[in-house]
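Asker: Sequence:
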Amino acid sequence: MRDADVLIVGAGIAGLSAAAALAPDHRVIVLERELHPGMHATGRSAALFVENYGNAAVREMNRQSRAALTPYLSPRGVLIVAGPGEEAALEAQLTGSSMQEIGIDDAARRFPILNRDRAVRAAYEADASDIDVDRLMGDHRKALRAAGGEIVTRAEVTGLAPGWTVETTAGMFTAPIVVNAAGAWADVLAQMAGVAPLGLTPCRRSAAILPAPGGHDIDRWPMLLSAAETFYAKPEAGRLMVSPADEDPVEPMDAWPDDMVLAEGLDRYAQAVTEPVTRVERTWAGLRTFTPDRTPHVGWGADGFLWLAGQGGYGVQTSPAMAARAAGLIRDRLAHR
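Residue numbers for the sequence shown follow the numbering used here, beginning at 1 and rising by one.
Some hints could be false.
Between beta-carbon pairs, the in silico distance windows are [said to hold, decoys possible]:
id, residue 1, residue 2, range
1, Ala237, Arg109, 37 to 47 Å
2, Arg279, Asp105, 27 to 37 Å
3, Ser98, Glu156, 34 to 44 Å
4, Asp105, Gly199, 45 to 55 Å
5, Gly299, Asp105, 20 to 30 Å
Note that these hints are calculated values from the structure, not bench results.
Glycine included, C-beta positions come from ideal geometry on N, C-alpha and C.
Please model the complete structure; the sequences and the hints are all you need to start from.
Answerer: What follows is the structure, encoded as structure tokens:
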């Protein structure tokens, strides 16, 4: 049996950022069921930082996270376009946000294949940036290991006993603190530990990679988002990632796209632009896991059992604030043992 001060279940951005924050002062072991960290929601993220994204609590966490994420950000921008019947949706997005309404000509200059015949109104969010998630995750791994922490992969949890003793497919571990950063499986892990679940809902988000439309150089184009959030298109390394922005509840799983949902989303995107979809290079799906009030949750579920879950679509951009909150709670608990 191996012991630590803190066992963190889940090596996505939530678990690794908390581990990196705690490792300089405590013995930390991260348990990951997959072969590599970040294989689920983190590795399939749209990787965008928008400070005004989410509810009031999420926006505050975004603000708290910006400074730590700044070295990993690069300019992108988001162009929001309202088609016929979507004007009210755009108006709602403009209310209380930093985005600015722009003319359709301006919108088409920013996104040259925009179908002007389908665009009624448009707005631009300049304060939106790409996040280099791979480098961020890599830096967390380096910081954790430099401080003596460890990531154990292929370590699926099969049992937990208060105290805490954690049985996994990679052996037995014990620590006074267990952090539940298990993403879509967080409620499952809690029930295994005898802790009341939060009522989390994993939701599928599908995406497709398309070649650069019409041979355009798209690297400096903004992300295109429909005002009703029925699709988005984001430049990714010379290609275009298009998503139907689906949010269908599913069981925790290694997600795959729903072909019909993806096809419908690609059709909505195709109507909004002037270049046809001629080829899909690859598709995938990930899970965004929400709490009932859509606010990420950090807090004690039982003595020594800390929730770090329900990040929804905000996990990467809120990770510094979430990690700081989790680390603060854990340090206080360990100091008063």
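Asker: Does each hint fit the structure? Answer for all of them.
Answerer: Against the structure, the hints:
1. The beta-carbon spacing between Ala237 and Arg109, approximately 23 Å, falls outside the hinted interval of 37 to 47 Å.
2. Distance hint check: the CB atoms of Arg279 and Asp105 are about 30 Å apart, consistent with the given range 27 to 37 Å.
3. Judged by the Cβ atoms, the range 34 to 44 Å given for Ser98 and Glu156 holds: they are separated by roughly 43 Å.
4. For Asp105 paired with Gly199, a C-beta distance near 47 Å keeps the hint of 45 to 55 Å intact.
5. Checked against the hint of 20 to 30 Å, the pair Gly299 and Asp105 fails, with Cβ atoms roughly 49 Å apart.
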